[in-house]
Structures are given as C-alpha cells and as structure tokens.
Amino acid sequence: MVRCGSGRDGVRRMEGVRSSSTRPDRDRRSGAGIRSEPTRGDARRAGGRACKFPRGDVRDATQGRGRGTGGRMARRWRGEDPDGAPERRRDAASHRDGPDQSGDPASGGPAAGARGADSPGLLLRTGRSSRSRPAAGLRVGREGAGGRHRDGGRRSRRPGSAVSGLDGRGRSGAMKRAGLDRFGSMVVTGLLLLTWAGSAFGQQQIESKVDIAFNRYYDFEEMTDLMKRLAEAHPELATLVSLGRSVQGREMWLLAINNPETGADTEKPAIWIDGNIHGNEVQAAETVLYTAWYLLEAFDEVPAIRELVDEHAFYLVPIVNPDGRAGWFAEAHTPNSNRSGLKPTDNDRDGLLDEDGPEDLDGDGHIGRMWRPDPEGTHRRSERDPRIFERVPRVPGPDGRIMTGEWSMAGSEGVDNDGDGRINEDGEGGYDMNRNFPSDWQPTHVQRGAGTHPFSYPETRAIGDFIRAHPNIAAGQSYHNTGGMLLRGPGADYGENAYPRTDRAVYDALGEAGEEMLPHYDYLVIHSDLYRVHGGCVNWMAEGLGIVSFTNELWTDRRILQDAEAGLDEEGRFRWQDRMLFGRTFTDWTEVDHPTLGPVLVGGGTKYARRSPPPFMLEEESHRNFAFTMFHADQMPKLRSEMEVEDLGDGLWQVDVMVSNDRLIPPRTARAADRRIGRPDLMLFEPGDGTELLLAGTVGDRFKARFEPVDHRPERLLVERGVPGRGRVIFRYIMKSEAPPTGNFAYRAEKARDLEMPLGDS
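Using my numbering, read the sequence shown as starting at 1 and increasing by one per residue.
Everything labelled a hint here was simulated from the structure, so no lab data went into it.
One or more hints might be untrue.
[Stated by the list, open to error] What follows is a list of derived Cβ distance ranges for each label pair:
hint, residue 1, residue 2, range
1, N215, T239, 40 to 50 Å
2, E720, Q248, 53 to 63 Å
3, F616, D385, 20 to 30 Å
4, I402, F616, 38 to 48 Å
5, N497, A705, 34 to 44 Å
6, T239, R679, 24 to 34 Å
7, S382, Y494, 18 to 28 Å
8, A264, G363, 47 to 57 Å
9, D578, I677, 35 to 45 Å
10, R713, I677, 15 to 25 Å
11, S208, V710, 21 to 31 Å
12, P438, L718, 18 to 28 Å
This structure is a prediction, so every number in the text was calculated from the model and none was measured.
No residue lacks a Cβ here, since even glycine has one placed at the ideal position from N, Cα and C.
The whole structure should be built from the sequences, with the hints applied where relevant.
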C-alpha cells in the first residue's frame, strides 16, 4: 500500500502530512524530512491496486469540550469626558451619520455547500494514527442566557462551546482548546509572550536593522521616512510603492512584504492591512508600521513569522488619509477632528468652501471647549475640582425655584467667521472616505459625507484599483479608533442571509479568538451592535469581493483600569490622568475675550485625550492587534491533496483526489459563491499519453461506488463553493488506460496557492 500526496509546491510525497512551501527541516507538523506511519486497514481489493488515503495523525477537536466562554458583547461605557460632556455608549447616539463623529466602525447548510463536499470538522493532530470523527454541530442564533447574538438574536453564554467544524449549523464557539491548530497556537503564544513584561519587551528580543521607538507618534513625513528605511533595510522582502496621490498631492505608500524565494506575492493568499483612513485616528498608522517592522525584523529570528511570510503576502498601507494625518499633527484639533480628507467642501451649503473652521484661541495647539457665563446656565464648577463642570439638575431647590447653574457650553473653540450665527460649522474637508466604497453606498442625504459616487476621492479610488487588481487577497484588516472593538459587517440590515451561516462561523471563530488576545475588546456586528454604515471599506471587501475582513477599533478606556466592568466617572478620569499622565492631556481653563460671546473660558482635553493610548501603552496595544492580525493571516486558505488509484479491471481505472483545506477561511466564501463574485475554483486534469478520461465529478463519500458525473467537460470541474474551512472536497475520475493512467491534476483558486498533482509517471 502506498500513500501518495502532493503539496502546493507540486512535489509528490510518500506521507499523509501537510505539505508546506517552507523547508522540510522547518515543518513543525511533520518534523524533519519524510515520516512513515502505519495505516489502518488495507485498501487493496482482489485484483486491484490502490494508493491509500491516510487517516492517521488527526483527531476531531470535538472529542474534548472547549473551555472558552464565548464572545463578550457590547458593554456600556460609563463616566464623562474630562472636559464635561457625558460619554455615550460607543459614541453612537450623536455621531452615527457624519464626518464630525467621534466614533466609527468601518466608517444555512454544511460547510461544503455543494454536492460532493465532505467536511470532517476541525482537526487537531495528536501525534498518533486515529480516526477522524464527524464534527458536532452547533446551532447559530440559538436562545441563550446572555448577550445579543451577532445577527440580532439572543445567543448562548454558556462556557465550553467548542469550535467543532465550520458546518454552518452554529456559532463557532471558543478558540482556547479546539479552535487553534498547532501552528495557530504557536503564533498566538509566541507573539503574545512578547507583551507580558511591558511595552519594550518585544523589541528587546529582536535585533533590528531599523530601530523604531513605538512609545511615540510620528507625523506623515516621519512615517514616510521610516517606511523607506524599512524597505531599504530589507530589499529581499519589502517593496515600497505609491498607490497614488492624495487631494493635496501626498504619496499613498504601500509596503508589500513577501519572500520571493517561495513564490511571487500574487501566487499566494494575501492579507490587506490599512490604517488611518480618518485623519484623527492616528495610532492606526503606528499599528500598521509596527506590523511591517515586526514581520521584517523577526523574519530570520522567529520561525512562526518566517513561516507566515514564506506562505503569504502582506499589503500594508499605514496611512490611507495622508492629508488628514498631516493636518492633525500640524494644526490645532480635537480628539475627534479632523476625520476627513482635505478636499474643500461646502458643508453648510452656503456656497462657500471651508470658510468657518475652528480657531485656537488660547494658543495651546489644541481645540478645546468654550464655556460662557450664564445666570440661567446648565452647569456649575465643581467644588472638589474646578476643572470639572457639573450639570445642575433642573429640579426645585430649597427655596422652591428651579435650580440653575452659572455656566453654559458655547461649543468648540472658535469664532463665527462667516457671520451666519454658527461657529465652526464648515471646517476643512468634511467628508468621510469610509463612506465612499461601493458596498451599499448611499448618497449624502442618507449617509452624510459619502461623496458624489463610490470611489469619488483619489485616495479611495487608489485603494479600490489595487485591491481589485489583486484577487489573491483573502483577508482584510482595517485599523481605526476608538472603543476596543473587532467589527465585521454587514454595515446595514440587508436581511438574514447577508452573511451565510458558513461565513458567520468563520468570522465567529476569528472574532472570538481576537477577544481572547485583546483584553477588553468586543467582537461585534456593525449594524446590529453599533450603528449603520453604508459604503464602508471592510464591508466592500467582505460583501463585494469575498475577502474575510475586520475593523479593529483601537484603544478603549477600559484599558485605563484594566477592568472590563469598572467605569470611570469624571473625577476618576482626572485622577488617572494626573497620576499616570501628569496632566499632559488637559489644558487648564483660560479666560479669553471672544469677539461675539464676550469673556469665555477656553480649555479642556487635548487632541491626544480619550481616543489614543498614552505613549507608554502604545506598543502593547500595537503588538496585541498585530498578533491578532497574524492569527487572521494564518487562517487564510492552505490546501493540500492526496489521491487513491484503483484498478477496476478491463482497462478501467478509478482515481479519487481529495483536496483539503487546513485553515478556517475557504478559498471562496459562501457569499462570493451565492453572488457569483470572482472566479469559481477549478479542478483541472490533463491526461497523459494513452490515458482517456471518461467520467468525472465530486463525491460525498469516497467509500460509495456511485457518484454523479458532470454532463460535459469532465477535465474542467467548477468548484463553485471552493474547499470549506477545515474541510475537503473529493473528486472522482473514471479513466481508460491499458497501463496505469498518467496525467496531471491541478487545483486553481484565486485566494489560495495552486496545487499541482501529477498522476503516475507523467
């Protein structure tokens, strides 16, 4: 009995283990070199010859019960801003529709899906030969004791629901025991160990050619210089290109990371990673920069990183909005501005462009708030801390009269430049590039800031052109701030089947792993757990291109106390800022003579308050999000093949080819298949001399003699739904040949490496 296998490199292997594009001595699954294993049973029939499928060395993860607690759903923020405004849950209530928002997210059946697919469930290698058991199904959307389900219903909060195969019958469950295969576990463990001793620990363990301090922020010019230095220091792995230019002419830099010794970048599954699409979301760029730095500098030192780069391509864009970032560092802003690009826009519809923006009245380099004296005011200054303005309850006082304060909010720092009675209503830009992508795009009267049509801005058009030109992109990650969230689509309620069950199972498995890796982060669905987003980038990638995509909303106030449930009132926030940051994110109230309001107090939180981590916490935040993104990247499709050849007699031969996917993400998502997005996978066969192909098709059970062959072109089988995550598809061929048949099989997938599978001596 001979077991035949072919990996993605096309080399025939005499073993039933995963093929890898990496060197044999680096294959951590099979060990060094070639390994022989005993098999169960004997495939030889009377008068026949067989190449036996290996069964050994795998075990269904559902044999053990998972220990994870499942996803943590939306929690409410408590407390107030340092400068007096009550903080809303996720900032959704007052900021859902426009570019002046303070928060922005993205601003059933079996897994095989089609006849002939056979999913064995999630498999863990045990180091011995054992049978694979069928996966245990878990139902999606079942009623449970806690939390809204990601698709609008109630979901179970019981612990111990394991990932048991992406069979579409349930949420994927916890990743702690069942969801991580050996490589995934090593990626997570190896990367997270570098964070336990503090933010500087990661760099101390890597000898870098380019030393970058990740306890500070960099403006656009500094970021450009660092990207160039990384590319120059690692020319064998990194290529720096410009996607195009922004409205103001700044370059949009993309760093492509790939090891050409293991194949061209376009031949491998790739992940798209971007940040800073909103100008004020500055730490997003540092997180992408950290990703580039770690991948390049750790390539020769960390085996898990080397394997990631050997097997995948990475397309990194730290700054989607170069003008917005440049303006945020150079000019006075609030933490919430300026999100927009800087194309002049008439936001107040008075025929003028950008004529009434904020002014830095107290000269501190930030845009704070203004308070004016008012005998009928809504607030009073706190006796305990005069920095705090307390709201006065509108109730009768001891004298029976309605109580009033001495101060009223006068808006953000600025003057009425155009004399229309409003302050700061038409500043720079005013649109939202994360509402300018094709997926469910809506005009400005529905979704403020959306532009005249999808891709109407040069920055979004450049991104769209690149992603569409690279169908090998299988995963997407977009960094934003703030709130501590891992977000997936849909951005609006498209109906129950907008994301098919098998796709939701993949997202759930990844998202719940992210919750474990990112303390105080929640995995959420944009439209049901947050607010509506039309025309978001990750929605377009997922729904328009079949790319499994997430938005990471970086940083959360829950990190301040390292307690997911504890909230900070305003006094507590000031106490933390005074003790840990020495008051550097607050400007004391200063009296200024306003041209129309008279004397006002100006001050409050700086632009570094609230939405960005303090510098001493920046590296850990970057590393944890990087580690999750690498876990996401490692779950892109990884295909392998095996075959069995049987002599049926009278010159007829049966060849069964099994193509398996060892990762969570399929080469074609169910939504892409349902909407006919992209090219279906192809199973091709070219017969050798003397071999005639008679019939071909897929089979659900290779031990059954009957199968349904295709009606035409058996040499070119369309695999509409690809190979499911943690699953397989079996193809059966009937051939005629006087000698053992020869030829070449090939499996082609847009979002996975191609497989070449020679048959016989061809």
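Going down the list of hints, with the structure as the test:
no.: 1; hint: N215 with T239: 40 to 50 Å; in the structure: 28 Å, violated
no.: 2; hint: E720 with Q248: 53 to 63 Å; in the structure: 45 Å, violated
no.: 3; hint: F616 with D385: 20 to 30 Å; in the structure: 24 Å, holds
no.: 4; hint: I402 with F616: 38 to 48 Å; in the structure: 46 Å, holds
no.: 5; hint: N497 with A705: 34 to 44 Å; in the structure: 36 Å, holds
no.: 6; hint: T239 with R679: 24 to 34 Å; in the structure: 26 Å, holds
no.: 7; hint: S382 with Y494: 18 to 28 Å; in the structure: 47 Å, violated
no.: 8; hint: A264 with G363: 47 to 57 Å; in the structure: 54 Å, holds
no.: 9; hint: D578 with I677: 35 to 45 Å; in the structure: 53 Å, violated
no.: 10; hint: R713 with I677: 15 to 25 Å; in the structure: 23 Å, holds
no.: 11; hint: S208 with V710: 21 to 31 Å; in the structure: 54 Å, violated
no.: 12; hint: P438 with L718: 18 to 28 Å; in the structure: 26 Å, holds
Hint check: violations occur at hints 1, 2, 7, 9 and 11; the rest are consistent with the structure.
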